[in-house]
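Colleague: Build the full structure now, drawing on both the sequences and the hints.
Just add 52 to wherever you are in the sequence shown, counting from 1, and you've got this note's numbering.
Honestly, the hints are just simulated from the structure, not real lab data.
A hint or two may mislead.
As the list claims (entries may be wrong) - Here are the computed lysine to any residue pairs in the SDA-like style, where the Cα-Cα straight-line distance is at most 25 Å:
| id | residue 1 | residue 2 |
| --- | --- | --- |
| 1 | K146 | E75 |
| 2 | K271 | D162 |
| 3 | K212 | I180 |
| 4 | K211 | I268 |
| 5 | K123 | R79 |
| 6 | K234 | K212 |
| 7 | K104 | I268 |
| 8 | K178 | D191 |
| 9 | K212 | S124 |
Claimed, not checked - Distance ranges between label pairs, derived from CB positions:
| id | residue 1 | residue 2 | range |
| --- | --- | --- | --- |
| 10 | K178 | K104 | 16 to 26 Å |
| 11 | E273 | D209 | 44 to 54 Å |
| 12 | K77 | D175 | 33 to 43 Å |
| 13 | G136 | R269 | 44 to 54 Å |
| 14 | K234 | E202 | 30 to 40 Å |
| 15 | D209 | L93 | 12 to 22 Å |
| 16 | H233 | D100 | 20 to 30 Å |
| 17 | Q130 | D175 | 32 to 42 Å |
Virtual Cβ for every residue (Gly too), placed ideally from N, Cα, C.
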Amino acid sequence: MEKVLKKETNFRNVLMEDTEILEEKVRGFRELMTLYECAMLEINTKLDVLNKELTVKHGRNPFEYITCRLKSPQSIAQKMERYGVELTLDNIEKHLNDIAGIRVICSFPDDIYRLAEYLERQDDIKIIQTKDYIKNPKDNGYRSLHLIVEVPIFLSDHKKLMRVEVQFRTIAMDFWASLEHKLKYKKEIADAERISEELFYCAELISQLDGRMQQIRTKIEAKGQEVG
Numbered sequence: 053m054e055k056v057l058k059k060e061t062n063f064r065n066v067l068m069e070d071t072e073i074l075e076e077k078v079r080g081f082r083e084l085m086t087l088y089e090c091a092m093l094e095i096n097t098k099l100d101v102l103n104k105e106l107t108v109k110h111g112r113n114p115f116e117y118i119t120c121r122l123k124s125p126q127s128i129a130q131k132m133e134r135y136g137v138e139l140t141l142d143n144i145e146k147h148l149n150d151i152a153g154i155r156v157i158c159s160f161p162d163d164i165y166r167l168a169e170y171l172e173r174q175d176d177i178k179i180i181q182t183k184d185y186i187k188n189p190k191d192n193g194y195r196s197l198h199l200i201v202e203v204p205i206f207l208s209d210h211k212k213l214m215r216v217e218v219q220f221r222t223i224a225m226d227f228w229a230s231l232e233h234k235l236k237y238k239k240e241i242a243d244a245e246r247i248s249e250e251l252f253y254c255a256e257l258i259s260q261l262d263g264r265m266q267q268i269r270t271k272i273e274a275k276g277q278e279v280g
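Modeller: Structure (structure tokens):
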């Protein structure tokens, strides 16, 4: 009987230790995600300030709207598994740059590069990586400008550098990417190769449309200056 009680006591102790470890990991993950959320809000604020300033200077806003998102725990775990890396808080910070994501939707392609340049000029932001899928589209036709930026967040007792992925797209690019994403994850697509070709063709048309709309805007602004 004494042996049985001892085993039960040991089992409870182990269970309590495991529970405490699990709670500590969950708490640590939540704290990390809070840091990413703060970094995301910091970049969002910087973009809002730029939007207000440039609207006053040029009489029009450089972007239409911004969306923000944090990767879900499931998405983080799946990506870490694909990388073949152990799922720890340190590894998450080290290997994943897109946990915090901001998407900036602009009206015209030149607004994308202007905003990215102004963001890069800020002395507390460091550009870690740039992927220009506008000048160099993906094979499927996807277009967007991706920046991985590092920004400081100021906590109660220290400063910490966090990374955020910022994607810049025009309205047309975002329209195409959203539909392509929905179609891509449809199961059992018949004639998938032909559909991919059609999507690529649509991406080319959208790119041409962006170029034409920018030309029209440039002409209108030039005429306005002549009148002024």
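Colleague: Evaluate each hint against the coordinates.
Modeller: Consistency of the hints with the structure:
Proposed proximity of K146 and E75 is supported: the alpha carbons are some 23 Å apart, at most 25 Å. Using a Cα cut-off of 25 Å, the hinted pair K271 and D162 holds, with the two alpha carbons roughly 14 Å apart. This hinted pair checks out: K212 and I180 have alpha carbons roughly 16 Å apart, not beyond 25 Å. With a CA separation close to 46 Å, the supplied pair K211 and I268 exceeds the 25 Å bound.
Proximity of K123 to R79 is assessed by CA-CA distance (about 17 Å); at most 25 Å being required, the pair is judged to hold. Restraint check for K234 and K212: the C-alpha separation of about 36 Å exceeds 25 Å, so the hint is violated. Restraint check for K104 and I268: satisfied, since their Cα atoms lie roughly 24 Å apart, inside the 25 Å limit. Taking the CA atoms of K178 and D191, the gap is near 29 Å; set against the 25 Å cutoff, the hint is violated.
Between K212 and S124, the direct Cα distance comes to roughly 22 Å. Compliance with the 25 Å bound is thereby established for this hinted pair. At about 24 Å, the beta-carbon gap between K178 and K104 stays in the expected band of 16 to 26 Å. Taking the beta carbon of each, E273 and D209 are about 50 Å apart, inside 44 to 54 Å as hinted. In this structure, K77 and D175 meet the distance hint of 33 to 43 Å, their C-beta atoms being roughly 36 Å apart.
For the pair G136 and R269, the beta carbons lie near 47 Å from each other, so the given range of 44 to 54 Å is met. Hint check: K234 to E202, Cβ distance near 32 Å, so the stated range 30 to 40 Å holds. Roughly 19 Å separates the CB atoms of D209 and L93, a value that falls within the hinted 12 to 22 Å. At about 26 Å, the CB distance of H233 to D100 agrees with the hint of 20 to 30 Å.
At roughly 36 Å, the beta carbons of Q130 and D175 sit within the given window of 32 to 42 Å.
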